[in-house]
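Using the sequences and the accompanying hints, generate a full structural model.
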Amino acid sequence: MMTTPASDYSLAELMICANAAAYEHDGEVLVTGIGVLQRIAASLAMLTTNPGIMMTDSEAWILSTPNPVGKRPDDFVQMNENWMGFSRIFDNVWSGRRHLTGGPTQIDRFGQANISAMGGDYQKPKVQMLGVRGFPGNSICHANSYMVPAHGPRVFIDGECDVVCTIGFNPARLPKGYSFDEIDLRCVYTNLGVFDFNGPERQMQIVSLHPGVTVEEVVANTGFEVHVPDTIATTTAPTEEQLAVIRQIDPHNLRSKQLKDNPAGVRL
Amino acid sequence: MNKQMSLQEIVGQLRDGMTIGIGGWGPRRKPMALIRAILNSDLKDLTIVAYGGADVGMLCAAGKVRKLVFAFVSLDFIPLEPYFRAARQSGELEVMEIDEGMMLLGLRAAAWGCPFIPTKIGLGTDVIKFNPDIKVIDSPYDDKEWVAMPALKLDVALVHVDRADVRGVCQIKAPDHHMDDWFVRAADKTYVTCEEIVGAEAFADPAEARLVFWERNFTTGVAAVPGGAHPSSCSPNYGFDIPHFQEYNASAKEGGFAAYFDKYIKDGSEEEYQAKVGGLDAIRKLPQPVY
Chain L
1 MMTTPASDYS
11 LAELMICANA
21 AAYEHDGEVL
31 VTGIGVLQRI
41 AASLAMLTTN
51 PGIMMTDSEA
61 WILSTPNPVG
71 KRPDDFVQMN
81 ENWMGFSRIF
91 DNVWSGRRHL
101 TGGPTQIDRF
111 GQANISAMGG
121 DYQKPKVQML
131 GVRGFPGNSI
141 CHANSYMVPA
151 HGPRVFIDGE
161 CDVVCTIGFN
171 PARLPKGYSF
181 DEIDLRCVYT
191 NLGVFDFNGP
201 ERQMQIVSLH
211 PGVTVEEVVA
221 NTGFEVHVPD
231 TIATTTAPTE
241 EQLAVIRQID
251 PHNLRSKQLK
261 DNPAGVRL
Chain P
1001 MNKQMSLQEI
1011 VGQLRDGMTI
1021 GIGGWGPRRK
1031 PMALIRAILN
1041 SDLKDLTIVA
1051 YGGADVGMLC
1061 AAGKVRKLVF
1071 AFVSLDFIPL
1081 EPYFRAARQS
1091 GELEVMEIDE
1101 GMMLLGLRAA
1111 AWGCPFIPTK
1121 IGLGTDVIKF
1131 NPDIKVIDSP
1141 YDDKEWVAMP
1151 ALKLDVALVH
1161 VDRADVRGVC
1171 QIKAPDHHMD
1181 DWFVRAADKT
1191 YVTCEEIVGA
1201 EAFADPAEAR
1211 LVFWERNFTT
1221 GVAAVPGGAH
1231 PSSCSPNYGF
1241 DIPHFQEYNA
1251 SAKEGGFAAY
1261 FDKYIKDGSE
1271 EEYQAKVGGL
1281 DAIRKLPQPV
1291 Y
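Protein chains in written order, with our numbering: chain L, 1 to 268; chain P, 1001 to 1291.
If you are wondering where the hints come from, they were derived from the structure by calculation, not from laboratory data.
One or more of the hints may lead you astray.
[What the hints assert, rightly or not] Label-pair ranges, simulated between beta-carbon atoms: (1) P/Q1288 to L/Q248: 22 to 28 angstroms; (2) L/E216 to P/K1253: 37 to 43 angstroms; (3) L/L259 to P/Q1246: 22 to 28 angstroms.
[Unchecked claim] Each computed DMTMM-like pair below joins lysine to aspartate or glutamate, with the alpha-carbon atoms no more than 20 angstroms apart: (4) L/K71 to P/D1205; (5) L/K176 to P/D1133; (6) P/K1129 to P/E1094; (7) P/K1144 to L/D181; (8) L/K176 to P/D1188; (9) P/K1120 to L/D158; (10) L/K126 to P/E1092; (11) P/K1067 to P/D1016; (12) P/K1067 to L/D158; (13) P/K1120 to L/D75; (14) P/K1144 to L/D184; (15) L/K126 to P/E1094; (16) L/K124 to P/D1142; (17) L/K257 to P/D1076; (18) P/K1120 to L/D181; (19) P/K1044 to P/E1009; (20) P/K1144 to L/D57; (21) P/K1285 to L/D181; (22) P/K1173 to L/E81; (23) L/K176 to P/D1143; (24) P/K1173 to L/D57; (25) L/K176 to P/E1145; (26) L/K124 to P/D1143; (27) P/K1173 to P/D1142; (28) P/K1067 to P/D1133; (29) P/K1129 to L/D121; (30) P/K1285 to L/D74; (31) L/K126 to L/D158.
Just so it is clear, CB atoms sit at the ideal spot from N, CA and C, and this is done for glycine as well.
This is how it looks when you write it as structure tokens:
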């Protein structure tokens, strides 16, 4: 594939391309992107770097080519590959052959995530959200990444998540007979950069920063200590070819509505 | 053999304190006519097991729920169910919050007559911390610990299907029958509402028979209630009613559940309800959702 670095791209598009790179070496796995940017990223990877990816229509079918996001023409025919209703999803994903990128409300220093409830106490939360959904099973069965549209200390919190929905790297919670090597927590993609948990003692560390973002900004906006390695890359810019595929996947430009004010990828 | 019943007769079989499983998923194929009939009854202290949507929200708002077993409660396009939130935030709802797959395992354990099914799902999370009744056990076969997901035995399952015959052969033509078959198998009794009662010959074609997901000896009673999933969807017959859900959601901010209940449900028959939401023809024209 020809690669022409794009000169003009949005931060959302940068985050999509960064998230898509997560799947490049995954081989034949079910990829699930929960959220618009995550879904576009998964579709981009399937259409470019990893055709082995499998994807659902979010209802009951595995698709041989991703559905565009948003409203589709009346004559649109989706390319089903096999039935996979919700009960059968577990039969596939508990095998470990899946990589999911979710969008939790809280992430703590152990890489634990929360989508259930916040504040107050468990019996009487201040803000009830979805519930744990499938996060406990996802976290202990297969690869997981996260996307955070607004990197701040209320997401990357001091202390543990109010409801720990996923197994992470808290030594106090390690189940008997388990090793943290069995927990496949990959990367976190935010509006500031890309992070993983490969720092000292599985500390979250900076992998790359988006153009114009400083280490100080990340440190100030993360509620726990983030590891700053000696070398930090700049997040790879999208290519024109990637942007063309993104426009096919997202013809209504829903990606422009996911980040506040739809900022440019390169800060002025 | 004729298992046909009215909605009132079905609700008449339910008792205070029962554990009731509700089929469907979020805003999809919920037996809402039965929920409305329960809302108009004196039933109370129910334990509800569901992949929840407005069914759970309404039952919570009406004070029918003593305990909720759930993995999520959501209307999908409205992610946070307003009355479930209010019930949780009031601190008055007893809950067993578990992973979606743990719920499936619990239903399967009940269906298969097992006290529990071992799984690693839930380890390392607050699911086992906040549910001391869910035990973590040693394995006789390896050195790891395992979650012993207990059977979720149901007194009753309530589900909504496309077509059924009077003997209780039930067909679901939606792209997904969700976990309805496991709710049915986990229950002592199953009451079904359907869009249409058909003759047994309707299932003669193997392609039709393949869309029957449990056997009729699990079906206790059947009521014909076309449109009975409204405002949830019953694909391919109708989609969910977005404006109606928006009004329902808005009522939590202004008027409260009583206003919604008084306007649409209170002391009314299902026919009266459907007339208020535009009639059965309008329900059947509701567009399918795009995911």
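Status of each hint after checking the structure:
Between P/Q1288 and L/Q248 the CB atoms are about 23 angstroms apart, so this pair conforms to the stated range of 22 to 28 angstroms. Our hint of 37 to 43 angstroms for L/E216 and P/K1253 holds, since their Cβ atoms are close to 41 angstroms apart. For the pair L/L259 and P/Q1246, the beta carbons lie near 25 angstroms from each other, so the given range of 22 to 28 angstroms is met. Taking the CA atoms of L/K71 and P/D1205, the gap is about 35 angstroms. The hint is violated against a cut of 20 angstroms.
Restraint check for L/K176 and P/D1133: satisfied, since their Cα atoms lie roughly 19 angstroms apart, inside the 20 angstroms limit. A distance of roughly 15 angstroms separates the Cα atoms of P/K1129 and P/E1094; the hinted pair therefore holds under the 20 angstroms criterion. Distance check on the hinted pair: P/K1144 and L/D181 sit about 15 angstroms apart at the alpha-carbon level, within 20 angstroms; holds. Using a Cα cut-off of 20 angstroms, the hinted pair L/K176 and P/D1188 is violated, with the two alpha carbons roughly 37 angstroms apart.
Between P/K1120 and L/D158, the direct Cα distance comes to roughly 28 angstroms. Violation of the 20 angstroms bound is thereby established for this hinted pair. Between L/K126 and P/E1092, the direct Cα distance comes to roughly 13 angstroms. Compliance with the 20 angstroms bound is thereby established for this hinted pair. Between P/K1067 and P/D1016 the CA atoms are separated by roughly 12 angstroms; this keeps the pair inside 20 angstroms, and the hint holds. Restraint check for P/K1067 and L/D158: the C-alpha separation of about 32 angstroms exceeds 20 angstroms, so the hint is violated.
A hinted pair counts as satisfied when its Cα atoms are at most 20 angstroms apart, and P/K1120 with L/D75 does not qualify at roughly 44 angstroms. Distance check on the hinted pair: P/K1144 and L/D184 sit about 18 angstroms apart at the alpha-carbon level, within 20 angstroms; holds. Taken as a hint, the L/K126 and P/E1094 pair is honoured in the structure, with Cα atoms around 16 angstroms apart against an allowance of 20 angstroms. For the hint pairing L/K124 with P/D1142, the CA-to-CA distance comes to about 38 angstroms; that exceeds 20 angstroms, so the pair is violated.
A C-alpha spacing of about 18 angstroms is found between L/K257 and P/D1076, which places the hinted pair at or below 20 angstroms, so the restraint holds. Distance hint between P/K1120 and L/D181 is fulfilled; the C-alpha atoms sit about 15 angstroms from each other, no more than 20 angstroms. Under the criterion of a C-alpha separation no larger than 20 angstroms, the hint pairing P/K1044 with P/E1009 is consistent with the structure, at around 17 angstroms. Only pairs whose Cα atoms come within 20 angstroms are accepted, and P/K1144 paired with L/D57 is rejected, the gap being roughly 36 angstroms.
Our distance criterion of 20 angstroms between C-alpha atoms is broken by P/K1285 and L/D181, whose separation comes to about 52 angstroms. At most 20 angstroms may separate the alpha-carbon atoms for a hinted pair to count; P/K1173 and L/E81 meet this at roughly 18 angstroms. Between L/K176 and P/D1143, the direct Cα distance comes to roughly 8 angstroms. Compliance with the 20 angstroms bound is thereby established for this hinted pair. Restraint check: the Cα-Cα separation between P/K1173 and L/D57 comes to about 17 angstroms, which is no more than 20 angstroms; the hinted pair holds.
A distance of roughly 5 angstroms separates the Cα atoms of L/K176 and P/E1145; the hinted pair therefore holds under the 20 angstroms criterion. A C-alpha spacing of about 37 angstroms is found between L/K124 and P/D1143, which places the hinted pair above 20 angstroms, so the restraint is violated. As the CA atoms of P/K1173 and P/D1142 are separated by approximately 43 angstroms, the hinted pair breaks the 20 angstroms bound. Taken as a hint, the P/K1067 and P/D1133 pair is honoured in the structure, with Cα atoms around 14 angstroms apart against an allowance of 20 angstroms.
The hinted pair formed by P/K1129 and L/D121 meets the criterion: a straight-line CA distance of about 13 angstroms does not exceed 20 angstroms. For the hint pairing P/K1285 with L/D74, the CA-to-CA distance comes to about 15 angstroms; that is within 20 angstroms, so the pair holds. Between the alpha carbons of L/K126 and L/D158 the distance comes to roughly 18 angstroms, so the proposed pair stays at or under 20 angstroms and holds.
Violated hints, in rising order: 4, 8, 9, 12, 13, 16, 20, 21, 26 and 27; the structure is consistent with all others.
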